[in-house]
Each structure stands twice: as C-alpha cells, then as structure tokens.
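Chain order of the listed sequences is A and B.
Residue 21 in our numbering sits at position 21 of the first sequence; the count goes up by one each step and never skips.
Add 1000 to the 1-based position in the second sequence for our numbering, that's all there is to it.
Please note that the accuracy of each hint is not assured.
Derived DSS-like pairs: lysine-lysine, alpha-carbon spacing no greater than 25 Å straight-line [stated by the list, open to error]:
#	chain 1	residue 1	chain 2	residue 2
1	A	Lys111	B	Lys1182
2	A	Lys173	B	Lys1007
3	B	Lys1130	B	Lys1190
4	B	Lys1182	A	Lys110
5	B	Lys1141	A	Lys104
6	A	Lys111	B	Lys1007
7	B	Lys1047	B	Lys1005
8	A	Lys110	B	Lys1047
9	B	Lys1047	A	Lys111
10	A	Lys104	A	Lys14
11	B	Lys1190	A	Lys111
12	B	Lys1190	A	Lys174
13	A	Lys111	B	Lys1111
14	B	Lys1007	B	Lys1036
15	B	Lys1018	B	Lys1036
16	A	Lys110	B	Lys1007
17	A	Lys110	B	Lys1141
18	B	Lys1018	A	Lys110
19	B	Lys1130	B	Lys1111
20	A	Lys174	B	Lys1005
21	B	Lys1141	A	Lys173
22	A	Lys104	B	Lys1047
23	B	Lys1111	B	Lys1141
24	B	Lys1005	A	Lys104
25	B	Lys1130	B	Lys1141
26	B	Lys1036	B	Lys1047
I should point out that these hints are in silico values taken from the structure, not numbers from a laboratory.
All of these numbers come straight from a predicted model, not from anything done at the bench.
One-letter residues, chain by chain:
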Amino acid sequence: MILSALSLYLTFAKIGLFTIGGGYAMIPLIQEEIISRNWLSQSELINFIAVSESTPGTFAVNISTYIGSQVCSQYGVLGQIAGGAFATLGVITPSFFIILLVAKFYQQFKKSTVVSGVMSGLRPTVIGLIAAALINLARAVFFPNGFDPSEIISINVISSLVIYAICLVLILKKLHPIFMILIAAAAGLLVGILQEAL
Amino acid sequence: MKDSKIKRCLSLFIQFFKIGAFTFGGGYAMIPIMQKEFVDSHHYIEKEDILDIIAISQSTPGAISVNSATFIGQHIAGFWGSVFATIGLILPPYIFILIISSVLGWFESQKYVQYAFMGIQAGVLALITKAMIAMFRQCPKNTLAYILMLGSLAASVIFDINLIIVLITCAVIGLVSSLIYKNNKEESEKK
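Bound-form chain B, shown alone (with noise of 0.2 Å):
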C-alpha cells in the first residue's frame, strides 16, 4: 500500500466499475471476484479480512455487494476510498437502467414479448423460491427462529402489520432471547 491516496481511490473506483459492469447475480456472485481482484491481484487485503468483510457486509442492512464495496473502499483509502469504490460500483447498473426503461415498457406491449414474460414471470417465482430456501439453509434452526419465520410469515399475509414494526420487533425478540440465553449460562457455569 505505498501508492499515493489520490491513486489508490482511482485504483477502487476503476475496479469496482468494472466489477458493476461485468458481473451478473449481485452480491454472492461478485465476492469470489473481489477475492481476486483486491486479495490475490493486489494483495491490498489479507484473506482472513476479505472474509470479515463479508461477513459484516451480511449483518449489516443494505446490498451485501455495495456494503462490501463501501467497507473495502474504507479500509484501502479511507472514507474518499469507500465514496470511490461505492459510485464505481453502483455507475455501471445506473447508466445501463437508465437505457432500458426509457424501452422497456414499449418491449413488453409487444405481443410476443408478453407470452414469453408468461413464462419469466413464473421462472422468477423459482429464483425467489431458491433465494429462500438458501437463506433458510444458512439460517441457524432452533424454536424460536421457527416461531419467527412463522410468526414474521402470518404477521404479513394474514394480519399485514407494517414489516418495520415487525423486523423491530422480531430484532428484539432474537436480542432479549439471546441475552436471557447468554446469562443463564454463566450462572450455570458458575455452579
């Protein structure tokens, strides 16, 4: 890391460009990217960070990738590092929207378009079905993490309470359990 700061932000900006241009799938797809570009490429972070990162960049709210890229932009040059990374990563995705919805209402009057969007449209099904059930594979399964998956689930369609006031709450039921969980455990050890 001896390359001026001015450098380095222009180094982030361009990579993270060409990682928002060239990459289809969002924030899972682009982490083995990152990997390369800035751990194996660059060596600007140790691989024991890059994992933290994305780690972070999970726990955190908002898109993993963008999370991902403001936190390796903060650590490579500080905050003009995460300002540069982030607007790399997120110009390519803006300009190319901005072309297609000028046309794409007109694409999907066209007849033949819309028998096929027929089809897309219950392909997305799938890929929503599929994004759920790797969230559910990673999910650590217990009680209570049931009752909040059902809970949260009929919270919504049946009773269709607002989903801050129920992520809020939700957030402090994990947050109370895990504390209640933490303290009766050192007492028991205690014993």
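Here chain A stands alone, though its shape is the one from the complex (with noise of 0.2 Å):
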C-alpha cells in the first residue's frame, strides 16, 4: 500500500512536471507512464476524458484522482481515497514550487530570454507530441481488438468515423462539449440498438 502510494505520488510528480501547456498536454504522458504500467487501457482513458468533461473541475485533477483510487481499489475505501490524494497531490506538487518560484521573481521571468526560447521549443513539440497521442487514442477507438486490414470497412469504423467527423464540426462551431457528448453517445446508443436489431 505504501509503495503503492509513493509510486503514484512519484509517477504523477513526472507528470505534471512535463505537462506544459495545460490538461490536453497530458495525455501523451499519461499514455507513456500511465497505460505502460497497465494501470489504465486506452480505452478506460478515452471513457474517462469524456467522464471529466462532464463533470466539474480541472481534468489534470479529475484523471489523477481516477487512476489513483483505481490503483489502489484492492485495498478498499481508505485505499482508494489514499491514493487519489496521492496521485492529485503528486501532479499538482511541481507546479505549486514553481509558481511560487516565479510569483517572487515574475516581472524578471515574463521578460527572460531563457523562458521565451525554451517556450519556443516546447509549444510546437507538444502539438506534436498530442497529435501521437490522437494516432494511439484513434487505434483503440477505431480497432478496439487490435488492428487487422480486413475490418478497415467495418461498421465499427465507418460509424466511429461519421461520429467523429459529426463532432469534430459541432464542436468547431463551438458547441459546449457537454452536449456534443451527448449527442455522440445518442449516435453511439443508436448504431449499437440497430446492429442488434438487424
């Protein structure tokens, strides 16, 4: 329980030590630190982005509160409200000395030369870096049994696509993600009775 406790505080202090950026930025370190060590699938991650966009609160803190209790949900209650205070804790701990550093010496740090280049080199690197993440998270959703040239024309991937493309325009036209869920859901609730019917 305490290894597993202090290996989430470590893991999560990782984390959201290379999160730049903000919640999205996540995600590929999730998929590298988190889904390597099996304690969550790619599959457990998307339901949960979707789950942390419907509820309130940071998704940085939403996620490491999940896979935290979810880790140590062996040892019961206490367990998996230990480790959801530790994984929480552990994300947030790098930040919070960091922002503390820079609020002493802020007006120096806005016009430093070091910052702004290293932030000319992370900001695309990070695009870069969620567009892998995207590639990993469409494998799973669109290949859930893994990947075989011969369901390319399936009715899983056909209507994951037509969904995606769906949402992808609903919420570029800056529909609230609460409800392009829903409606997503609606389509996925659909397809699923009508497979079953036919």
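Starting from two chains that each stand alone, build the complex the way the hints lay out.
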C-alpha cells in the first residue's frame, strides 16, 4: 500500500512536471507513464476524458484522482481515498513550487529570453506529441481488438468515422462539449441498437 | 486588502472551492470566472496583473487552472494563500471523482452504456482534435516550429522515443535557436 502510494505520487509528479500548456498536454504522458504500467487502458482513458468533460473541475485533477483510486482499489475505500490523494498531490506538487518561485521573480520571468526560448521549442513539440497521442487513441477507438486490415471497412470503423466528423464540426462551431458528448452518446446508442436488431 | 491574512486565506479557499465545484471544462473556462471574482468584485488583483498571471500559468508546467489558483493565492495572501487557493480548487473534483469512480466500472459494463460509449469515444477524439487545432492556432509558425512539430510526432509514433527526452531536447533546441537569433540581431544592429 505504502509502495503503491509512493509510486503513484512520484509518477504523477513526473507527469505534472512535464505537462506544458495545460490539461490535454497530459494525455501523451499518461499514455507513456500510466498505460505502459497497465494502470489504465487506452479505452478507459478515452472514456474517462468524456467523464471528466461532463463533471466539474480540472482534467488534471480529475484523471489523477481517478487513476489513483483505481490503482489502490484493492485496499478498499480508504485505499481509494489515499490513492486518489497521493496521485492528485503528486500532479500539483511541481507546479506549486515552480509557481511560488516564479511569483517572486515574475517581472524577470516575463522578460526572460531563456523562458521565451524554451517555450518557443516546447509549444510546437507539445502539438506534435498530442497528435501522436491522438493517433494512439484513434487506433484504440477504430480497432478495439487490435489492428486488422480486413476490418478497415467494418460497421465500427464507418460509424465511428461518421460520428467523429459530425462531432468535430459541432465542436468547431463552438457547441458546448457536454452537448457534443450527449449527441455522440445518442449516435452510439442508435448504432448499437440498430446492429442488435439486424 | 485590509482584511486580516486568515480572513483572506479563508475567502480564497471559498472562492476557489466554488470555482472548482461549478466550472466545467478546465483552465480556459475558469479564467473569465477568476477575472470576475478577483478583479471586478473584490479588487484583489489589478486587471493587467491577471493577464500576466494567466500568461505565466500557461508557460509553467502543470494544469493552467491549478497554476492560476496557486499564483493568485500567493499574490493575495502569500504562501498560505497559495495553499488555501490550490486546495480549495482541487477539493471538489477530488471528492466528486472518488464518488463517481466507485460506480463507473459498473456503469460502463451496462450494455446500453457500452453502445453510448462507442459513440462518445469518437466524440472524444473530436475534442482532442479541437484542442490540438486551438494550440496550433496560438503557436507561432515558423520553419523551426514545423520541424519540431513533425519531429516530435515522428519521434513518438515511429521511433517510440521517451517523451521526456523529446521534450527536453526540443526545449534546448528552442533555447539555442532563440539565443542565436537574438545574437545575430544584435550584431546586425551594431553594423
């Protein structure tokens, strides 16, 4: 239990330290640090992103609490409470101390050429890494049982592609994410029921 | 800012607890609310300062909303202010997710919920695509930026290189290139 808690805290501190640009920049790091440890699957991650968008609070806190509580679920309710706390405290620890430091020197920080130089390298990199994370997630959505060339034209792939396209248009037209999720859920339900009926 | 420190800490805790409990959609959704609470209603922070706080929260590691809370807390009531503000912000989602996570597995195993999640998963891909497009629009576009974008994509997808190594390498490349750029500019100005 203590070992799980410590390893949760350290893993999430590492994720927090290397998350640049807010919430979704965590996704590539979660894939690397969490999914590789089998603490979560790609599919569970996608589902949880939807849950997190539909509940209040920050994605970083939501996902850390969730993974922490899942990892320690074998230790009962107290384990879940502690696991969630260790993961969440881990993810905020690095930024907390960095912000305290920056707040003291923030006029210098604002004008620093080192900071702006580092950021000019990191901002495009994070975009590339999110694109990579998106490819990994898309693979799990379109081919849940592993990639199979004979399944490229399956009902799952086609319906997922159509729902994806509709949702992208809706969200780019500034529909609220919660309504977009509801529409996607209704579409999924419709496809599932039709498939069952046929 | 005539209130006592303890009172300011408590008020920070309550304000951020409310923000954490009622804001959907993370950092960017919280910024207008923070602005309303701390600039317009309480005058704890000047308008120019809040813009700085947001800019710095974006260029430091971690979630933007948590960073802003820590920063605003520090600004209003020092170290303990940042502790109370940060804990206030994360406590509601922490409690909420603990409650949800105990029933989420059961919920997701229901047949009709599974159907719905089939659609939701495609929707989540759209959400992440949109977040990526938004970041792309905000990002300065030059040759180096495009090289870093494609390079990090290839490093991760094709070569499976550790992300932290990719991030550190690209940070160094950005730093070195901006220093060279600055150096060249200064030299050409001298001439």
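Against the structure, the hints come out as follows:
1. Lys111/A with Lys1182/B: Measuring from Cα to Cα gives roughly 14 Å; hence the hint holds.
2. Lys173/A with Lys1007/B: violated (43 Å)
3. Lys1130/B with Lys1190/B: Outside the cut-off at roughly 45 Å; violated.
4. Lys1182/B with Lys110/A: holds (17 Å)
5. Lys1141/B with Lys104/A: With a Cα-Cα distance of about 31 Å, the restraint between Lys1141/B and Lys104/A is violated, given a limit of 25 Å.
6. Lys111/A with Lys1007/B: Roughly 34 Å between the alpha carbons, so the hint for Lys111/A and Lys1007/B is violated.
7. Lys1047/B with Lys1005/B: Roughly 22 Å separates the two Cα atoms, so the pair holds.
8. Lys110/A with Lys1047/B: holds (16 Å)
9. Lys1047/B with Lys111/A: holds (19 Å)
10. Lys104/A with Lys14/A: holds (24 Å)
11. Lys1190/B with Lys111/A: holds (22 Å)
12. Lys1190/B with Lys174/A: violated (49 Å)
13. Lys111/A with Lys1111/B: Given that 25 Å is the threshold and the Cα spacing comes to 56 Å, the pair is violated.
14. Lys1007/B with Lys1036/B: Holds: Lys1007/B and Lys1036/B sit about 20 Å apart, inside 25 Å.
15. Lys1018/B with Lys1036/B: OK: Lys1018/B and Lys1036/B at ~13 Å, within 25 Å.
16. Lys110/A with Lys1007/B: violated (30 Å)
17. Lys110/A with Lys1141/B: Holds, because 21 Å separates the two Cα atoms, which is no more than 25 Å.
18. Lys1018/B with Lys110/A: Violated, because 30 Å separates the two Cα atoms, which is more than 25 Å.
19. Lys1130/B with Lys1111/B: It is violated: about 29 Å lies between the C-alpha atoms, which goes past 25 Å.
20. Lys174/A with Lys1005/B: Cα-Cα ~41 Å, so violated.
21. Lys1141/B with Lys173/A: holds (24 Å)
22. Lys104/A with Lys1047/B: At roughly 19 Å apart (the allowed maximum being 25 Å), Lys1047/B and Lys104/A satisfy the hint.
23. Lys1111/B with Lys1141/B: Outside the cut-off at roughly 46 Å; violated.
24. Lys1005/B with Lys104/A: holds (18 Å)
25. Lys1130/B with Lys1141/B: Holds. Lys1130/B to Lys1141/B sits at ~18 Å (cutoff 25 Å).
26. Lys1036/B with Lys1047/B: Within the cut-off at roughly 10 Å; holds.
In the structure shown, a violation is registered for the earlier hints numbered 2, 3, 5, 6, 12, 13, 16, 18, 19, 20, 23, in ascending order.
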